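Order-wise, the sequence lines are chains F and V.
Here the first sequence stands for residues 1 to 116, numbered as in the working numbering.
Here the second sequence stands for residues 1 to 115, numbered as in the working numbering.
Hints listed in this document are in silico derivations from the structure and should not be mistaken for laboratory results.
Treat the hints loosely; a few may be bogus.
[As the list claims (entries may be wrong)] Covered stretches of chain F (chain V as the covering partner; in silico rule of three or more C-beta atoms under 8 Å from a C-beta of chain V):
#1 84-96
#2 105-116
[Claimed, not checked] Derived pair list, reagent style BS3-like, types lysine-lysine, alpha-carbon separation capped at 27 Å:
#3 K78/V x K55/V
#4 K73/V x K55/V
#5 K70/V x K107/V
#6 K7/F x K70/V
#7 K107/V x K73/V
#8 K96/V x K70/V
#9 K102/V x K55/V
#10 K65/F x K70/V
#11 K96/V x K78/V
#12 K7/F x K65/F
#13 K107/V x K7/F
#14 K65/F x K107/V
Bear in mind the structure is a predicted one, so any value in this text is a computation, not a measurement.
Beta carbons are placed, not taken as given, at the ideal position from N, Cα and C, and that holds for glycine.
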Amino acid sequence: SAVISQKPSRDICQRGTSLTIQCQVDSQVTMMFWYRQQPGQSLTLIATANQGSEATYESGFVIDKFPISRPNLTFSTLTVSNMSPEDSSIYLCSVSRTQGSGNTIYFGEGSWLTVV
Amino acid sequence: AQTVTQSQPEMSVQEAETVTLSCTYDTSESNYYLFWYKQPPSRQMILVIRQEAYKQQNATENRFSVNFQKAAKSFSLKISDSQLGDTAMYFCAFMKGGSNYKLTFGKGTLLTVNP
C-alpha cells in the first residue's frame with residue numbers, strides 16, 4: 001500500500017482567494033495524480049504530475065486555475081486559484097504502486113474545501 | 001472512452017448478512033484493471049479489492065469478493081457477514097493497462113448496514 005498525507009484536511013476559504021494543498025508520499029513515486037470530488041459526485045481526474053516536467057491536465061481543467069508543482073519524487077502541491085463556491089469539493093491526491101503483475105492506485109485522506 | 005455504471009444509488013443490508021453491489025463497464029481495451037473503493041464518512045478513499053482483466057479467477061479479500069464476468073463486462077462486489085463499519089459509499093473504477101493510470105469511476109452506491 002502507500003501512506004499519503006494531505007494538508008489541509010479541511011478548510012473554509014473566501015471567494016476570490018487561492019489555496020494550496022500539499023501531498024506527501026511515504027516513498028518515491030514517478031507519477032502523482034490529483035482528483036476532484038464535487039458534493040455528492042464521483043471522482044474526476046484533474047491532472048497527472050510528473051517530477052521534472054509540466055503536469056498533464058484533463059479536459060476541462062487548466063493550469064491557470066489549478067497550478068501544480070512536483071519538486072521531488074515524494075511531494076506535490078495543487079493550488080486552487082481565484083476560488084468560487086463551485087470549487088467547493090474534496091481534492092484527493094493519489095499515487096500508483098506496483099502490486100503483483102500490475103498497478104494499484106492509492107489515495108490520500110483528501111482535502112475538503114468549502115468556498116464561501 | 002471508458003464508462004462505468006453503478007445502477008444502485010443506495011442499498012441497505014442487515015448486519016451479518018450478505019449484500020452484492022453491481023457494476024458494469026464499457027471498454028474496447030483487452031488489458032485493464034477493475035477496482036472497488038470504499039469511502040466512509042471520513043471521505044478517505046480506501047481500496048477494497050482489485051481485479052486484473054486477464055485473470056479468470058475472481059479476486060477475494062477476506063469478507064469481500066468479486067464476480068468478474070469479462071464477456072458481460074460486469075464486476076459486482078459481494079460483502080459477506082456485513083458489519084456496521086462497512087457503511088460507506090462504494091465506487092467501482094476502471095483503469096486501462098499500460099502506463100496510463102487514470103481511473104474512471106462510477107457514480108457510487110451508498111451502502112447502509114443496519115444493526
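Hint-by-hint comparison with the structure:
Check result for the region 84-96 of chain F against chain V: holds, 4 residues qualifying (beta carbon to beta carbon below 8 Å, three or more required). By the rule of at least three residues with a Cβ nearer than 8 Å to a Cβ of chain V, the coverage given for the region 105-116 of chain F holds, with 7 such residues. Between K78/V and K55/V the CA atoms are separated by roughly 18 Å; this keeps the pair inside 27 Å, and the hint holds. Note on K73/V and K55/V: the hinted pairing holds, with a Cα-Cα distance of about 14 Å set against a maximum of 27 Å.
Note on K70/V and K107/V: the hinted pairing holds, with a Cα-Cα distance of about 21 Å set against a maximum of 27 Å. With a CA separation close to 39 Å, the supplied pair K7/F and K70/V exceeds the 27 Å bound. Note on K107/V and K73/V: the hinted pairing holds, with a Cα-Cα distance of about 17 Å set against a maximum of 27 Å. Proposed proximity of K96/V and K70/V is supported: the alpha carbons are some 14 Å apart, at most 27 Å.
At most 27 Å may separate the alpha-carbon atoms for a hinted pair to count; K102/V and K55/V meet this at roughly 21 Å. Between the alpha carbons of K65/F and K70/V the distance comes to roughly 39 Å, so the proposed pair goes past 27 Å and is violated. Straight-line distance between C-alpha atoms of K96/V and K78/V comes to about 23 Å, which keeps the hinted pair within the 27 Å bound. Between K7/F and K65/F the alpha-carbon distance is near 19 Å, which keeps this suggested pair within the 27 Å criterion.
A C-alpha spacing of about 26 Å is found between K107/V and K7/F, which places the hinted pair at or below 27 Å, so the restraint holds. Only pairs whose Cα atoms come within 27 Å are accepted, and K65/F paired with K107/V is accepted, the gap being roughly 25 Å.
Of the numbered hints listed earlier, those contradicted by the structure are 6 and 10.
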